[in-house]
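Colleague: First to last, the sequence lines map onto chains Y and D. Heads up, the first sequence is in numbering that gives the first Met the number 0, so the first residue is 0 and it goes up one at a time. Heads up, the second sequence is in numbering that gives the first Met the number 0, so the first residue is 0 and it goes up one at a time.
These aren't lab readings, by the way, just hints derived from the structure by calculation. In this text the structure is predicted, and so the values were computed from the model without any measurement. Take these hints with a grain of salt, some might be off.
As a list, the in silico DSS-like pairs of lysine-lysine whose alpha-carbon atoms are at most 30 Å apart [said to hold, decoys possible]: (1) D:359 <-> D:445; (2) D:445 <-> Y:359; (3) Y:219 <-> Y:191; (4) Y:445 <-> Y:359; (5) D:98 <-> D:445; (6) D:191 <-> D:226; (7) Y:359 <-> D:226; (8) D:191 <-> D:219; (9) D:445 <-> Y:445; (10) Y:98 <-> Y:445; (11) Y:191 <-> Y:226; (12) Y:445 <-> D:359.
There are 2 protein chains.
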Amino acid sequence: MTALDDRSVQSTVTTGPITGSEKVYHDVHDPDSGRTLRVPQRRVGLSNGSHLDLYDTSGPYTDTTASIDVHTGIPATREDWIAGRGPVDGASTQLAYAKAGVTTPEMRFIAAREGMDPEFVRSEVAIGRAVIPANRCHPESEPMVIGKNFLVKVNANIGNSAVTSSVPEEMEKMVWATRWGADTLMDLSTGKRIHETRERIIRNSPVPVGTVPIYQAVEKVDGDPAKLTWEIYRDTVIEQAEQGVDYMTVHAGVLLRYVPLTTERVTGIVSRGGSIMAAWCLAHHEESFLYTHFEELCEIFRDYDITFSLGDGLRPGSVADANDEAQFAELRTLGELTHIARSHGVQVMIEGPGHVPLHKIAENVRLEEELCGEAPFYTLGPLATDIAPGYDHITSAIGAAQVAWSGTAMLCYVTPKEHLGLPNRDDVKTGVITYKLAAHSADLAKGHPRAQEWDDTLSRSRFEFRWQDQFHLALDPDTAQAYHDETLPAEGAKTA
Amino acid sequence: MTALDDRSVQSTVTTGPITGSEKVYHDVHDPDSGRTLRVPQRRVGLSNGSHLDLYDTSGPYTDTTASIDVHTGIPATREDWIAGRGPVDGASTQLAYAKAGVTTPEMRFIAAREGMDPEFVRSEVAIGRAVIPANRCHPESEPMVIGKNFLVKVNANIGNSAVTSSVPEEMEKMVWATRWGADTLMDLSTGKRIHETRERIIRNSPVPVGTVPIYQAVEKVDGDPAKLTWEIYRDTVIEQAEQGVDYMTVHAGVLLRYVPLTTERVTGIVSRGGSIMAAWCLAHHEESFLYTHFEELCEIFRDYDITFSLGDGLRPGSVADANDEAQFAELRTLGELTHIARSHGVQVMIEGPGHVPLHKIAENVRLEEELCGEAPFYTLGPLATDIAPGYDHITSAIGAAQVAWSGTAMLCYVTPKEHLGLPNRDDVKTGVITYKLAAHSADLAKGHPRAQEWDDTLSRSRFEFRWQDQFHLALDPDTAQAYHDETLPAEGAKTA
């Protein structure tokens with residue numbers, strides 16, 4: 000009996016709308032299928048009678064009319080869409096469809112969310128400058144796009160560990176992170192019950208879910224990287240693919256010959272996946288099986304429409320190591336692999352650092368775009384300085400805003416516990432809100448057509464002392480109101 | 000009897016070193032006077048036997064050998080230096096000395112703090128690209144420099160209000176803000192006991208103190224801007240000058256003809272000083288008395304060596320209003336006033352916005368430098384987006400890091416309560432730490448010679464799992480350790 004079947008496992012998740020908002024749906028007609036697509040929005044009603052509709056990632060949990068049962072999962076909206084279509088050029092991927100000129104329902108849904116033309120979405124996916132992570136085995140997810148010409152996206156890492164947390168806690172983190180705006184989730188669970196935790200998360204997640212399969216694979220060999228084999232890894236990927244993982248981090252660019260490039264670094268290799276693969280390469284003195292079997296991996300990914308998130312196993316772990324030869328050597332290999340994956344009809348994004356001082360950030364984006372055919376860049380921060388543990392959500396938001404403005408398509412959040420411990424529910428919220436504001440700062444700077452309206456609506460309410468409107472329009476209405484009420488608790492202070 | 004004399008007013012302030020640090024002094028010989036200057040440093044001892052000395056703003060409060068009595072104030076170290084020198088070219092200002100080729104003890108002290116050559120400090124002050132705010136009536140302050148070629152500085156606003164807080168609370172905020180790294184303080188007190196609060200703060204402040212004299216002047220006319228006169232304002236400035244205020248914000252660039260430029264804005268005029276002066280100009284339909292009497296003001300400032308902080312009364316209050324004609328018209332006038340002040344031997348810095356999206360930040364710095372003869376730029380944030388009240392320390396740290404990297408010399412902090420309420424002691428710390436990390440990110444990007452060593456020392460301790468060293472090297476050791484201990488409280492987890 001898995002945790003999902005075990006009705007005694009209570010998962011109480013947060014439901015109900017964000018303060019001052021209500022869930023609405025925009026109906027979008029799909030002329031190809033005749034279907035009506037229901038595109039969710041967070042509607043903020045204002046005291047002057049108007050309203051503002053905002054991009055919404057929270058799924059049915061904020062819909063007061065939805066019935067939530069974490070044991071059955073959320074509705075499989077995409078099931079019919081997937082069933083009703085066959086392969087083109089041997090692939091049933093969004094990339095293959097886009098290249099063949101097919102505008103999928105996913106693309107139309109995305110276009111409505113972003114306020115863009117469906118044809119623009121299709122063309123960006125076709126050239127690989129955007130990806131739609133959407134495993135055919137995860138029909139519950141609401142389609143979203145990752146690409147530099149769309150809203151900057153935010154990923155939240157969750158997952159239990161051998162030390163702390165349980166399946167219900169991770170379920171709540173999933174709902175909680177998407178409530179505050181996480182566009183994708185990565186389940187980085189380790190320890191016991193990895194499979195069950197993932198199953199529960201995917202069946203209930205309204206956003207794409209990513210994983211790092213090597214983490215589970217190494218658990219299967221008692222944590223000893225040297226015992227890993229291609230077969231164990233491949234079977235782990237298939238297991239996860241069947242569950243519906245939408246994108247997978249693969250550290251296929253950590254080549255044997257790159258490992259010595261890290262020996263003079265201040266902080267060596269800090270990526271867990273990078274360390275595992277470096278240890279394997281050195282133990283066997285062989286080239287990485289992720290690299291040598293990459294085309295087989297592409298075929299598996301193609302069959303499910305899983306998106307590659309090519310991992311930066313040699314990313315810098317300190318500002319001192321940023322933009323060094325180890326990092327850029329790996330990036331060149333990731334570029335090579337990008338083109339191989341695309342030739343199999345598989346979507347690709349590229350992971351980026353980590354720790355980079357402000358003046359070296361733009362070079363990362365420029366090189367990534369040049370070497371990897373403009374595949375969407377997906378960076379962890381980066382932290383712009385290393386001197387503030389406990390505040391690394393902020394040191395990294397500074398780098399994140401900068402790198403997103405330069406063209407990074409998705410930001411992996413960093414919580415206040417980074418480098419120190421495991422994030423709790425509050426840390427998850429702080430991380431998500433911090434990254435949403437960094438992403439939005441970049442959307443403004445890049446001139447996304449729907450970005451500035453939000454700022455202006457809030458600023459007008461501020462200037463006119465419409466306090467409740469200001470709270471409700473905030474990324475986090477509850478904190479805004481609580482801070483106000485600490486100084487001026489009287490009701491009159493919110494209306495005058 | 001003033002609050003300072005009233006021994007029944009208990010001011011308990013935080014004393015003792017920061018966790019893991021000790022106060023040390025570097026002795027610096029001044030060849031001109033034969034004096035030995037004692038330059039304070041925060042020394043972090045490491046478990047491998049080495050140590051790192053860091054720039055220290057905390058004054059005697061972190062020195063275990065110092066005896067603190069807030070009723071008598073801290074030692075007047077500069078008293079002898081000031082007494083022993085006369086005017087050059089009619090002025091006893093750091094600018095006048097620098098232009099005459101004199102390297103003051105203040106400049107030597109600063110050079111040692113910054114790791115720079117004294118002659119470089121002198122030359123930067125001489126051309127007005129750096130300022131040393133040091134009123135001759137504030138001999139207690141430890142000299143510091145504000146200029147783009149030095150460490151980026153952080154100002155913390157404190158001050159009581161009619162609504163909340165007391166003199167002892169503001170005293171503690173002063174000690175608390177400088178403990179965590181505030182380089183200057185602005186006392187923005189309103190309501191009762193403005194004079195007494197300021198007196199107590201200045202006598203006990205190891206850092207320069209700034210004010211906005213128009214705030215007190217308008218209290219003297221019952222809060223009605225129309226009743227203000229040049230004479231009331233002038234007398235207020237002299238009152239504050241005698242107390243030792245080191246720099247004053249003067250909104251002399253809000254000209255009558257600029258006020259109509261703000262009518263089409265989303266958020267009109269949001270600067271309090273700007274609003275007061277705009278109201279005065281409109282009520283009298285006359286040019287601002289700050290502008291028409293500017294040369295008289297210069298003479299007062301020169302006599303005390305007060306530094307102008309020319310205020311941006313027409314700064315944008317939302318990203319929508321950034322870089323508009325009202326803002327830049329005022330900036331041109333501030334440039335004109337800069338040259339007048341300098342001709343009187345008076346030091347000048349220029350205040351900047353506020354709310355600016357990322358892509359418009361660099362233009363602010365470029366124009367300020369061009370129009371104001373490279374006078375040090377002193378910005379409030381700026382916030383890179385308006386959608387996150389409750390998190391404006393972060394939205395503004397993103398803008399602050401960017402603007403400092405572009406050349407801003409000092410950043411005015413923003414706390415989580417910005418736009419919502421009055422900061423408490425915790426908010427002050429969060430604001431200061433957030434701005435220190437933003438400033439340091441810019442120091443790294445600009446290549447300040449002492450910046451990277453701190454990051455590398457911390458990163459090495461992290462890579463070698465020297466947890467205590469990592470905590471002690473952090474900007475905020477207590478929070479770093481507390482976050483670690485939430486997950487892994489055992490002592491063993493900090494050593495292995």
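Colleague: Are the hints correct? Go through all of them and say.
Modeller: Evaluation of the provided hints:
Among the hinted pairs, residue 359 of chain D with residue 445 of chain D is consistent with the structure: their alpha-carbon atoms are about 20 Å apart, no more than 30 Å. For the hint linking residue 445 of chain D to residue 359 of chain Y, the alpha-carbon distance of about 11 Å falls within 30 Å, and the restraint holds. For the proposed pair residue 219 of chain Y and residue 191 of chain Y, the alpha carbon gap of about 11 Å is at most 30 Å, so the pair holds. This hinted pair checks out: residue 445 of chain Y and residue 359 of chain Y have alpha carbons roughly 20 Å apart, not beyond 30 Å.
The straight-line distance between the Cα atoms of residue 98 of chain D and residue 445 of chain D is roughly 26 Å, inside the 30 Å bound, and the hint therefore holds. Between residue 191 of chain D and residue 226 of chain D the alpha-carbon distance is near 19 Å, which keeps this suggested pair within the 30 Å criterion. Simply put, residue 359 of chain Y and residue 226 of chain D have alpha-carbon atoms about 54 Å apart, too far for the 30 Å limit, and the pair is violated. Under the criterion of a C-alpha separation no larger than 30 Å, the hint pairing residue 191 of chain D with residue 219 of chain D is consistent with the structure, at around 11 Å.
For the hint pairing residue 445 of chain D with residue 445 of chain Y, the CA-to-CA distance comes to about 25 Å; that is within 30 Å, so the pair holds. Distance hint between residue 98 of chain Y and residue 445 of chain Y is fulfilled; the C-alpha atoms sit about 26 Å from each other, no more than 30 Å. Taken as a hint, the residue 191 of chain Y and residue 226 of chain Y pair is honoured in the structure, with Cα atoms around 19 Å apart against an allowance of 30 Å. At most 30 Å may separate the alpha-carbon atoms for a hinted pair to count; residue 445 of chain Y and residue 359 of chain D meet this at roughly 11 Å.
Hint 7 from the list above is the single one not met by this structure.
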